[in-house]
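**Q** If you're matching them up, the sequences are chains A and B in order.
Per the numbering used here, residue 5 is the first one in the first sequence, and the count goes up by one each step.
Per the numbering used here, residue 6 is the first one in the second sequence, and the count goes up by one each step.
A couple of the hints might just be wrong.
[What the hints assert, rightly or not] When the alpha-carbon atoms are kept at most 35 Å apart in a straight line, the in silico DSBU-like pairs for lysine-lysine are as follows: (1) K115/B to K195/A; (2) K53/B to K195/A; (3) K104/B to K115/B; (4) K202/A to K98/B.
Rather than coming from a laboratory, the hints here were simulated on the basis of the structure.
Fair warning: this is a prediction, and the values are worked out from it, not measured in the lab.
Here are the chains, one letter per residue:
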Amino acid sequence: MQKYLMDLHIHSVLSPCADITMTPGNIVETAAQKGINIISITDHNSAKNIASALEIAKEKDIYLIPGIEVQSKEEIHLLSYFASLDDLNNYSNIIYNNLPNIKNDEEKFGYQIVVDKKDTFVKKEEKLLLNSTDLSINRLVDLTHKNNGICVPSHVDRSFGLIKNLGFIPDNLDISFIEMSSNKSITHYYKTFPYLKKYSFLKNSDSHYLNQIKPTMEIILPKNISFKELFKYFKTHNNSEYIL
Amino acid sequence: MNSEVSYLLLKNVVDKLQLDLINEADLNKEVNGCYIGDLLSNVMARAKEGDLWITIQGHQNVIAVALLTEVSGVIICENMEIDENTVNRAKEKEINLFKSNLSAYELVNKLANLGV
């Protein structure tokens with residue numbers, strides 16, 4: 005068995021709000037330096053850097069879970085994690101097509117950069133990614149499940165969080181995971197919102213700068229576990245106990 | 006001297022503001038204030054009983070928050086989309102639910118003129 009350290013919410017240079025140094029190569033390198041074994045790059049409403057990131061992570065023996073962070077029509081952020089790049093791309097294509105056609109203003113919002121597997125510039129994403137799709141949270145959860153993924157509302161009590169925007173978690177939302185804010189403890193959540201006990205918590209860095217990347221969870225799994233097994237384990241276990 | 010206290014009822018407001026009725030529960034409720042907000046966590050903490058709540062949020066949680074805060078009714082403004090579940094819940098929980106193509110600002114102007 006082996007201890008694996010994780011951080012599953014990191015933004016790359018494709019997210020306009022992320023620092024220009026957040027290339028997949030730099031993210032993977034930083035994670036490796038900090039002893040993190042499992043990461044996920046989750047850009048806003050797009051997954052165009054994940055194919056390159058997967059190649060880069062593979063070279064460094066880092067597990068990269070294909071992911072994305074989508075903004076619903078209720079202005080709520082939802083992370084989705086997938087077992088394969090194909091599943092992620094199926095989902096992210098729907099997301100992209102449901103984003104309003106507004107051009108990014110780099111001066112105001114920042115650069116949206118797509119890189120290749122050598123971590124070099126390929127193109128700029130023209131459509132502004134910092135926007136709401138016209139899909140509801142229920143629809144996004146449903147679409148994630150249809151593509152065999154896991155849907156996790158981001159930082160539920162912060163800006164763009166499910167509890168912040170909608171007051172509480174709707175009873176008809178088919179989720180089993182939620183992401184906590186990284187500066188709070190699980191005890192705080194159980195005290196403030198006792199009904200959250202039925203959910204499995206994830207804690208992530210939500211990094212926009214390299215120095216924010218850090219191990220936030222640890223799990224004990226067999227050595228050299230396959231990605232498929234890892235994802236299956238992650239999907240079926242309550243992860244609250246792994247929070248650092 | 007005849008000191009008559011006048012109450013503003015929801016049915017008068019509906020009429021004056023030309024609101025579309027999405028769910029009519031009890032239009033004889035008294036309107037004694039107004040609250041505007043789209044972040045439901047904040048509305049839960051701040052809206053008062055009898056307020057007429059104006060929001061652009063069409064999610065079903067609006068109905069639960071309306072129940073909790075005991076507002077007299079909810080106006081979804083700017084013609085924002087209202088989820089089907091929201092309408093169903095409003096019927097189920099007997100919450101007055103309205104729609105308007107006006108903005109919150111325009112609605113509040115009219116409410117102020119009515120003395121709210």
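**Q** Quick one, are K115/B and K195/A close enough, alpha carbons at most 35 Å?
**A** At roughly 42 Å apart (the allowed maximum being 35 Å), K195/A and K115/B break the hint.
**Q** Is the hinted pair K104/B and K115/B satisfied, with a Cα-Cα distance of at most 35 Å?
**A** holds (15 Å)
**Q** Given the hinted pair K53/B and K195/A, is their alpha-carbon gap at most 35 Å?
**A** holds (25 Å)
**Q** Hinted pair, alpha-carbon criterion (35 Å max): K202/A, K98/B. Please report holds or violated.
**A** holds (26 Å)
In terms of the numbered hints stated before, the structure departs from hint 1 and from no other.
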